[in-house]
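There are 2 protein chains.
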Amino acid sequence: MIYNKITEQLLQEITAIVGADAVLTSEAEIQDYSHDETEDLIYFPEVVVKPKTVEAVSALMRLCNDNLIPVTPRGAGTGLAGGALAVNGGLLISMERFNKIIDIDEANLQAIVEPGVITEIFINAAAEKGLLYPVDPASKGSCFIGGNVANCSGGPRVVKYGTIREYMLNLEVVLPNGDVIWTGANTLKYASGYNLTQLLIGSEGTLGIVTKIVTKLIPKPTQDALMLASFATNEDACAAVSAIFRAGIVPSALEFMERRGIEWVIEHDGLTFDLKDGVEAFLLIEADGSDLDSIFADCEKINGVLEQYNCQDVLFADSSAQKEELWRIRRTMAVSVKSNSVYKEEDTVVPRAALPKLINGIKAIGSKYGFSSVCYGHAGDGNLHVNIIKAGMCDEDWNSKLKDGITEIFELTVALGGTLSGEHGIGLVQKDFMPLKYSPVHFAIWKGIKSVFDPNGILNPGKIF
Amino acid sequence: MIYNKITEQLLQEITAIVGADAVLTSEAEIQDYSHDETEDLIYFPEVVVKPKTVEAVSALMRLCNDNLIPVTPRGAGTGLAGGALAVNGGLLISMERFNKIIDIDEANLQAIVEPGVITEIFINAAAEKGLLYPVDPASKGSCFIGGNVANCSGGPRVVKYGTIREYMLNLEVVLPNGDVIWTGANTLKYASGYNLTQLLIGSEGTLGIVTKIVTKLIPKPTQDALMLASFATNEDACAAVSAIFRAGIVPSALEFMERRGIEWVIEHDGLTFDLKDGVEAFLLIEADGSDLDSIFADCEKINGVLEQYNCQDVLFADSSAQKEELWRIRRTMAVSVKSNSVYKEEDTVVPRAALPKLINGIKAIGSKYGFSSVCYGHAGDGNLHVNIIKAGMCDEDWNSKLKDGITEIFELTVALGGTLSGEHGIGLVQKDFMPLKYSPVHFAIWKGIKSVFDPNGILNPGKIF
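Heads up: the sequence lines are chains Z and Y, in that order.
The first sequence begins at 17 in the numbering used here and counts up one residue at a time.
The second sequence begins at 17 in the numbering used here and counts up one residue at a time.
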């Protein structure tokens, strides 16, 4: 695809659309938009704009489409796959000014929000009305709900409450030619036409730019209990995961963490936490509902399962403060790992009973290639984030051999019935691995769909495939 | 689109693929495949085949694609929108021999099933292992799981457990050119490439033929309670629906039924049921879980809400037999209505707090055009099935004016934030109404997607748009 550069004339037209205060052109101003949370990647767009209205986004898209200017839509820039990077320069559209919660409709248990609302702000606004929006990635304090839609983001509560797909009812979307549509209806279900809402979710900003979001909400559970179980081996902890469901329990969170992850959180955050010898892995397990007795009964049952898997110790959080602290360990793990070592984060997902084979396989592949790893993630969904640690690996090996090691990890993931990325997306950095799972037929269909929406290929080019 | 007829030569090739015992050509044999459960529609395919393997389906599709023969895939033929009718003749592929439950994987809480498995047989097989597959349309005793996927079918338990979209993990699909793909992975979530699983769900057999299905299962709740609440007006019953959720309860079923529907079930099924004077509408409300005390507490709360909406009486089912009988009333209502009058069934869905306006509007439109109606459905989802009753309407009005009345019902539905069809699909009979909700931009995208999968337009032509 041959793109044009943004000329002085085009810049004037862009400025006329959004106003001078919403256009950034200097290197210093654009710097912040040249990277996301993916390791070591820097791409400068030519121009950054911060529109506020759907009309402005539409006019920008039409202008860029007519002039073959590549467009990169961007949420909060917290992505882990390079999806928001302007790899072809061009125009970067930051959605940060689309930051209004338009309506929380208590009669229908629905909300209308703009895509630039920070996920946690929306979660809290819903909670104030006794409602739950259960999509809460670890980055919830900074990521945008629009980015969550684009990447099909998850979080700990997917395991009980379903993925973001279950909550997105209707999306207002600006298409690459500037047309604006609502993808569906503000209803809990419908069966009329190919479901464009679902097609847009996880499309990583390559099919259209979401400008309004209608979400489902549910009554917020009033009670919960949180327990941290420790194990001597990763394998035991992972094997306990599927056994909990087999015992008839669906926890509201079921997270796996390796010891080293917790050690680094302790170092980085200055937490006091009594990390016993011989403990290598942890499960953080939450149960929620409206009735505390019934939650405790579930916890008892879970305990019974854990014992069968050589659980060493169960810490039962006895206050909200302790619950908050345990959750903080899990949520800040990514940041702590990042601050401790050069690393690469991979996102794997398998059927949950395959977790023990996955974690053992990852460690074996690490031994073969000379890297170590810190793994954690949403074990209840079979979703394991693999942080590959450079540590003692020499630069040459890190740069030349690592890709082979990652390839082996994904080959194992696929062999276990899984796939690349449970919730981080493919973006720029995972696309080379896509052929490990998907065939030329998949690529042909995906590219065909892309061409239907974006015949000129201007929207977020170079991502996914 | 110009299609070819099935020549003697092609018939020989078809027979070579599936075997002579799997090919039907005489009018008498094909009769059963010329209609579905939609009113008054008869279309004969030229040939019916009943393949047993994915290889056979692939070879049939390739042959038909090469020779421009239209292909109609068919499940159990229980559809209500004419989606399985061979409107252009050609080859009808019945999936009835794909009737195996291949695996119920208790370690992963997943199952692999063929699309021709009767939904209830699968539900029962899962239940025997303590697992719940919660997608149970009223036709569950005869419909196929593959037809449910094609039509995005629902049922009473969507309201708590989510739509069929939440349960379909991975589909094996034969594309119109004979290529076979798996749409995704056997995982509870993933974010890698446009989600073809979700695109296939609800595509009504126009993009590919599903030959294997991987579903999610969940632990089956061990306890439930069922109550039937009666109201003097439809409006009160409908208004109570959203209030139940606002009170923090998510019932496992919340069904609305009009008095006349119950009267007709009593007549048709010879049920004994004490239908009190002055009662016009009913809500059938189920709560489930693992703890009976907690379920009863929910029922108390629901009762409190019902009282605020002038509920006249609440019948609390006190045995499994009584529960079964109440459910039978709801499930057999469609059949009873059908046997009592010439009718047309429409499927509407709105945000649930809009139900009172929807039902009042439907009655007002009926008065204007001279038809009456019996409404019932999954009120908790805002999904109302509208059975328009011919009764005293003269043939001329029925044939000439009815379409205007239906148009007004759908205009109202759309004005209330809803859309056509919550779970029946568009098929043949609803497609004229699609422009009431969707714009030329939607149609252009849908047709573009259709062309990507099926450039020759051979697969289930004439459906949806």
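Be aware that a few hints might be false.
Okay, derived cross-link-like pairs now, SDA-like style, lysine to any residue, Cα gap no bigger than 20 Å in a straight line [unchecked claim]: (1) Z:Lys317 / Y:Thr238; (2) Z:Lys379 / Z:Lys317; (3) Z:Lys176 / Y:Pro235; (4) Z:Lys236 / Y:Ser310; (5) Z:Lys317 / Y:Asp307; (6) Z:Lys379 / Z:Ala255; (7) Y:Lys463 / Z:Ala313; (8) Y:Lys447 / Y:Asp56; (9) Y:Lys21 / Y:Glu43; (10) Z:Lys317 / Y:Arg173; (11) Z:Lys317 / Y:Asn115; (12) Z:Lys379 / Z:Ala431; (13) Z:Lys176 / Y:Gly305; (14) Y:Lys145 / Z:Trp198; (15) Z:Lys463 / Y:Asp195; (16) Z:Lys116 / Z:Ile134; (17) Z:Lys339 / Z:Asp240; (18) Y:Lys236 / Z:Val266; (19) Z:Lys176 / Y:Lys463; (20) Z:Lys236 / Y:Lys176; (21) Z:Lys228 / Y:Ala431; (22) Z:Lys463 / Y:Lys463; (23) Z:Lys317 / Y:Val266; (24) Z:Lys176 / Y:Thr238; (25) Y:Lys176 / Z:Lys317; (26) Z:Lys176 / Y:Ile234; (27) Y:Lys176 / Z:Asn376; (28) Z:Lys145 / Y:Lys447; (29) Z:Lys145 / Y:Lys145; (30) Y:Lys317 / Z:Ala431; (31) Y:Lys317 / Z:Ser306.
Since the hints were derived computationally from the structure, they do not count as laboratory data.
Hint-by-hint comparison with the structure:
1. Z:Lys317 / Y:Thr238: holds (14 Å)
2. Z:Lys379 / Z:Lys317: violated (31 Å)
3. Z:Lys176 / Y:Pro235: The given pair, whose Cα atoms are some 11 Å apart, holds under the 20 Å limit.
4. Z:Lys236 / Y:Ser310: With Cα atoms ~16 Å apart, Z:Lys236 and Y:Ser310 stay inside 20 Å; holds.
5. Z:Lys317 / Y:Asp307: The given pair, whose Cα atoms are some 13 Å apart, holds under the 20 Å limit.
6. Z:Lys379 / Z:Ala255: holds (16 Å)
7. Y:Lys463 / Z:Ala313: Violated, at about 53 Å.
8. Y:Lys447 / Y:Asp56: Holds, at about 17 Å.
9. Y:Lys21 / Y:Glu43: holds (16 Å)
10. Z:Lys317 / Y:Arg173: Given that 20 Å is the threshold and the Cα spacing comes to 26 Å, the pair is violated.
11. Z:Lys317 / Y:Asn115: violated (37 Å)
12. Z:Lys379 / Z:Ala431: holds (16 Å)
13. Z:Lys176 / Y:Gly305: holds (14 Å)
14. Y:Lys145 / Z:Trp198: It is violated: about 42 Å lies between the C-alpha atoms, which goes past 20 Å.
15. Z:Lys463 / Y:Asp195: Roughly 16 Å separates the two Cα atoms, so the pair holds.
16. Z:Lys116 / Z:Ile134: Measuring from Cα to Cα gives roughly 10 Å; hence the hint holds.
17. Z:Lys339 / Z:Asp240: Holds: Z:Lys339 and Z:Asp240 sit about 10 Å apart, inside 20 Å.
18. Y:Lys236 / Z:Val266: Distance of about 10 Å is within 20 Å: holds.
19. Z:Lys176 / Y:Lys463: Since the Cα atoms of Z:Lys176 and Y:Lys463 sit roughly 36 Å apart, the hinted pair is violated (cutoff 20 Å).
20. Z:Lys236 / Y:Lys176: Distance ~14 Å between Z:Lys236 and Y:Lys176 Cα, so the pair holds.
21. Z:Lys228 / Y:Ala431: holds (19 Å)
22. Z:Lys463 / Y:Lys463: With Cα atoms ~15 Å apart, Z:Lys463 and Y:Lys463 stay inside 20 Å; holds.
23. Z:Lys317 / Y:Val266: Violated, at about 24 Å.
24. Z:Lys176 / Y:Thr238: At roughly 17 Å apart (the allowed maximum being 20 Å), Y:Thr238 and Z:Lys176 satisfy the hint.
25. Y:Lys176 / Z:Lys317: Not OK: Y:Lys176 and Z:Lys317 at ~23 Å, beyond 20 Å, violated.
26. Z:Lys176 / Y:Ile234: holds (10 Å)
27. Y:Lys176 / Z:Asn376: violated (37 Å)
28. Z:Lys145 / Y:Lys447: violated (40 Å)
29. Z:Lys145 / Y:Lys145: Judged against 20 Å, a Cα distance of about 39 Å means the pair is violated.
30. Y:Lys317 / Z:Ala431: violated (49 Å)
31. Y:Lys317 / Z:Ser306: With a Cα-Cα distance of about 12 Å, the restraint between Y:Lys317 and Z:Ser306 holds, given a limit of 20 Å.
Consistency note: the structure conflicts with the earlier hints numbered 2, 7, 10, 11, 14, 19, 23, 25, 27, 28, 29, 30.
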